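Undergrad: Chain by chain, the residues run as shown.
Number of protein chains: 2
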Amino acid sequence: MRATKISGLAPLFVLFIAGAVSSFEDIEKLRIWPLPAEVSHGGRRMYLSEDFKLVTEGSKYEDPSGILKEGFDRMLAVVRLSHVVSGHRNSSSSGGSALLEGLHVIISSSTDELEYGADESYKLVVASREKPYAQLEAKSVYGALHGLQTFSQLCHFNMKKKVIEILMTPWNITDQPRFSYRGLLIDTSRHYLPLPVMKNVIDSMTYTKLNVLHWHIVDTQSFPLEIPSYPKLWNGAYSPTQRYTFEDAAEIVNYAGRRGIHVLAEIDVPGHALSWGKGYPSLWPSKNCQEPLDVSSDFTFKISARSLSLNLSTWEVTKLKKHRKTEAEAYEYFVLRAQKIASSHGYEIINWEETFNNFGNKLNPKTAWYWSCWESDCGRCIMSNQDKWYLDHIDTPWQMFYANEPFEMIKDEKRQSLVLGGEVCMWGEHIDASDIQQTIWPRAAAAAERLWTPYTKLAENPDKVTTRLAHFRCLLNERGVAAAPLVGGGRVAPFEPGSCLAQ
Amino acid sequence: MRATKISGLAPLFVLFIAGAVSSFEDIEKLRIWPLPAEVSHGGRRMYLSEDFKLVTEGSKYEDPSGILKEGFDRMLAVVRLSHVVSGHRNSSSSGGSALLEGLHVIISSSTDELEYGADESYKLVVASREKPYAQLEAKSVYGALHGLQTFSQLCHFNMKKKVIEILMTPWNITDQPRFSYRGLLIDTSRHYLPLPVMKNVIDSMTYTKLNVLHWHIVDTQSFPLEIPSYPKLWNGAYSPTQRYTFEDAAEIVNYAGRRGIHVLAEIDVPGHALSWGKGYPSLWPSKNCQEPLDVSSDFTFKISARSLSLNLSTWEVTKLKKHRKTEAEAYEYFVLRAQKIASSHGYEIINWEETFNNFGNKLNPKTAWYWSCWESDCGRCIMSNQDKWYLDHIDTPWQMFYANEPFEMIKDEKRQSLVLGGEVCMWGEHIDASDIQQTIWPRAAAAAERLWTPYTKLAENPDKVTTRLAHFRCLLNERGVAAAPLVGGGRVAPFEPGSCLAQ
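Residue numbers (full-length UniProt numbering), protein chains in the order written: chain A, 1 to 503; chain B, 1 to 503.
No wet-lab data here; the hints were simulated from the structure. Among the hints, a few may not be true.
If chains are identical, the list can't say which one is meant, so a pair holds when it fits in one copy or spans any two.
[Claimed, not checked] For lysine to any residue, the following SDA-like pairs were computed, each having C-alpha atoms within a straight-line distance of at most 25 Å:
(1) Lys161 / Tyr255
(2) Lys69 / Leu81
(3) Lys199 / Glu50
(4) Lys199 / Val492
(5) Lys199 / Ser152
(6) Lys388 / Ala493
(7) Lys162 / Phe246
(8) Lys199 / Glu496
(9) Lys464 / Ala403
(10) Lys199 / Glu70
(11) Lys199 / Gly498
(12) Lys278 / Glu496
(13) Lys160 / Gly279
(14) Lys199 / Pro281
(15) Lys162 / Glu496
(16) Lys53 / Thr174
Predicted model, so just to flag it, every value in this text is computed and none were measured.
Based on the sequences and whatever the hints tell you, model everything.
TA: So, in structure tokens, the structure goes:
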């Protein structure tokens with residue numbers, strides 16, 4: 001809808017036309033992913049000045065460690081990545097064109113501590129003619145980073161004038177996530193993932209506003225993490241260089257944190273832990289039984305506790321799998337004791353659902369669960385059902401990721417309020433640096449919209465968002481993310497020549 | 001072999017031990033890809049100073065546009081990419097350890113013009129105890145860039161000390177390519193490749209010392225390039241944004257050029273040119289016959305000439321395909337006339353071999369050919385046979401790429417001297433931003449060694465270089481290049497959990 005000036009009727013007409021985007025067809029023209037909570041736009045055009053500035057007057061937030069400035073610079077770099085901006089737009093040359101001189105960011109909280117559950121909302125206005133600055137308001141710097149992300153998706157390259165422009169201004173966007181936990185699991189035990197690959201994954205997460213990187217670090221096959229107090233543990237790595245030093249792990253957490261992403265570091269015990277014994281064979285019950293670890297041994301608890309005390313992140317996951325039914329009691333004993341240890345280090349606890357299914361009533365009542373169980377009243381839950389949200393299931397098409405609704409089976413409002421969010425899982429049996437990004441994207445983006453966008457704005461029929469998701473997939477490609485075609489399941493090669501938008 | 005000090009015998013013993021690497025087993029421990037012409041090493045270790053410097057005293061080359069400095073900075077960035085360098089090594093803290101303070105680069109030519117056939121040789125010495133600087137000598141800055149690349153592959157991260165080290169010093173490397181034309185073809189007509197993707201490909205080419213990017217820009221399916229004098233031509237693109245502005249194309253050429261890579265821009269006429277008519281329908285012979293272009297029309301030649309005059313690079317390829325036998329004469333007429341036009345713009349000419357097979361004796365005698373024909377005396381040739389060097393044939397394993405020897409069927413020395421080199425081809429029917437790099441690598445690397453390394457140093461049985469190629473593939477992953485596992489053909493997903501080095 002365009003805003004037009006009609007003498008004598010202008011105020012009324014403008015109010016009438018430049019209203020909220022309400023029809024589904026309008027939404028689908030918006031090309032923003034995930035869809036914001038509330039969006040309205042006009043019909044004008046503005047160009048970004050080649051000296052596009054960040055202005056923070058009036059902001060309580062002083063950007064002590066440069067998180068905002070870096071985010072702003074990254075945003076500008078990414079909108080200028082896919083074509084050379086050779087046209088000139090600045091205050092002297094703009095003439096009659098509407099020039100956007102910069103972005104005015106106002107953040108009300110002065111802290112940059114990344115706390116789970118903190119306010120991620122933002123308001124973005126781009127922009128009125130009187131004010132040649134876009135306006136971004138947020139409670140926290142992490143809300144502001146989400147606002148910058150949305151702003152970047154409004155920017156387009158004008159192929160004729162060769163400048164960055166924003167169409168359909170003025171934009172008025174008010175946005176906040178539906179769920180606070182929006183996660184992606186990656187697995188560095190089945191295949192080692194070098195640091196640049198992990199950073200590429202983290203950057204691509206920010207494009208879809210995912211905010212939890214669940215790092216499944218070790219498992220049966222390899223133990224690639226340095227634990228300073230038990231230096232032989234990482235002898236369980238595939239090779240000396242396929243490992244993360246303590247500083248590498250801290251770098252990952254820091255890189256993610258500065259982008260508003262929590263890192264949930266997961267270390268499995270006592271099952272899935274064969275690789276621990278490569279450096280410390282006494283952890284194995286015997287030479288012939290190397291899994292699970294020996295839960296009758298205090299050493300097992302000592303080493304688990306030390307691993308948990310690495311203090312990489314706020315949450316730790318104790319993933320506990322049952323070995324055999326005859327050891328049910330040993331399993332329960334281990335889990336309860338491990339929970340106590342974790343709790344004593346100040347951690348929140350998340351378990352996989354098997355523990356709930358087996359002895360849920362004995363667990364720490366504050367436990368949250370990775371959950372695919374619909375019927376049980378399991379308290380705080382994070383949806384992660386393998387039939388729909390496991391990315392390694394490459395037969396699962398993006399439509400199923402999009403349609404996977406946490407509240408589909410939960411009608412009770414109180415139980416709904418206990419759903420923290422959800423997580424897509426990129427298990428690593430067939431995933432390494434060569435194919436991880438095309439297996440994650442764009443299907444994880446489909447899930448990301450399910451977790452961010454208000455329920456009423458989501459499409460009932462996923463096929464209705466095909467065009468918008470295709471545009472987003474092509475945007476990912478333009479940003480150097482190897483997102484696969486939409487057609488087919490996961491990581492299918494394009495099956496014929498054609499436009500990115502049609503594949 | 002280690003260099004050891006034995007009093008009274010030191011000079012003789014050192015000479016004896018630190019000799020040239022001669023046995024194949026020694027070569028395979030070197031972990032350098034492609035293998036240099038001459039290599040010797042010792043048994044010591046040096047650490048890179050955290051203030052590792054570039055020094056150019058005595059060099060005739062003044063680095064007018066920063067090509068050397070940028071190359072040096074890129075080299076340092078890439079060796080520090082995969083782990084956090086948290087240990088400290090500088091002149092004050094090195095104690096007894098051998099510290100490498102920097103790299104002394106001496107270049108004898110003052111020009112930085114990238115000319116085909118220019119000297120790409122270099123000499124690298126790392127380093128004697130007396131001189132805490134590695135020494136790199138080259139005739140041209142592009143030879144020096146190759147030397148920097150080799151230097152980067154000597155660098156390893158010490159997981160214990162957490163610094164960059166070089167093992168087996170002193171190194172003495174003398175190197176130059178076997179062939180001057182070492183190419184990779186990419187195809188941006190079947191699928192548009194965004195600029196960041198092309199830059200990633202160019203960077204990965206430098207790691208294997210490939211030096212020609214054969215850019216197959218347009219074809220039947222799309223015309224994505226801006227031709228300023230015929231602005232409607234790029235209406236044949238898939239969409240407005242899936243296009244390269246003139247500045248984008250110049251940026252690609254510049255980005256590659258600063259890395260020592262020639263860009264060979266290819267525009268096919270009169271066949272494979274349906275997309276031209278989207279903007280200029282009069283180029284089509286009729287509504288029902290849209291390919292090839294109408295060779296009876298002067299407009300066809302005018303528009304072809306203008307396209308060739310873009311001056312993006314020194315060479316242009318006129319790829320001419322026959323449509324039907326009844327038009328053989330029209331085809332020959334077009335090719336000869338097009339060659340004249342190209343020649344008049346100062347271009348060298350390369351044709352695909354069909355023209356040679358059809359009317360080779362009438363062609364410009366300076367023509368070179370993309371060639372898979374073994375028997376004919378076709379003059380200057382660039383090997384590019386589809387049964388072994390087409391990367392889109394994903395059933396072709398890396399061993400076949402490695403083993404494809406230009407001189408296998410040519411025993412006559414004079415004909416051997418006319419072989420300029422070779423090129424692997426990444427045709428784009430099933431290739432886009434999501435899967436291009438895992439389809440190119442590591443198989444293109446196998447071909448790159450065939451084109452760089454002296455014939456006598458190549459393995460007769462490709463399986464002998466498996467370990468060294470696996471290490472190189474993992475190095476590519478650590479540098480953010482999505483190189484696929486070695487096992488299987490092209491772009492196979494890893495089929496089980498395991499070490500990068502074993503897949």
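Undergrad: Determine for every hint whether it applies to the structure shown.
TA: For each hint, the structure was consulted:
1. Lys161 / Tyr255: Between copies, since 23 Å is at most 25 Å while 36 Å is not.
2. Lys69 / Leu81: both (18 Å within a copy, 23 Å between copies)
3. Lys199 / Glu50: Answer is between: at 23 Å across copies they meet the 25 Å cutoff, but 28 Å inside does not.
4. Lys199 / Val492: Result: close both inside a copy and across copies, 23 Å intra and 23 Å inter.
5. Lys199 / Ser152: both (19 Å within a copy, 22 Å between copies)
6. Lys388 / Ala493: Answer is both; intra-copy 21 Å and inter-copy 21 Å each pass.
7. Lys162 / Phe246: between (45 Å within a copy, 10 Å between copies)
8. Lys199 / Glu496: Only across copies: Lys199 and Glu496 sit 24 Å apart there, 31 Å inside one copy, limit 25 Å.
9. Lys464 / Ala403: The answer is within: 12 Å in one copy meets 25 Å, while 50 Å across copies does not.
10. Lys199 / Glu70: For Lys199 and Glu70, the Cα distance is within 25 Å both inside one copy (15 Å) and across copies (23 Å).
11. Lys199 / Gly498: between (30 Å within a copy, 22 Å between copies)
12. Lys278 / Glu496: Close across copies (20 Å), not inside one copy (47 Å); limit 25 Å.
13. Lys160 / Gly279: between (62 Å within a copy, 16 Å between copies)
14. Lys199 / Pro281: neither (34 Å within a copy, 47 Å between copies)
15. Lys162 / Glu496: neither (30 Å within a copy, 47 Å between copies)
16. Lys53 / Thr174: within (22 Å within a copy, 50 Å between copies)
Going through the hint list in order, the structure does not satisfy hints 14, 15.
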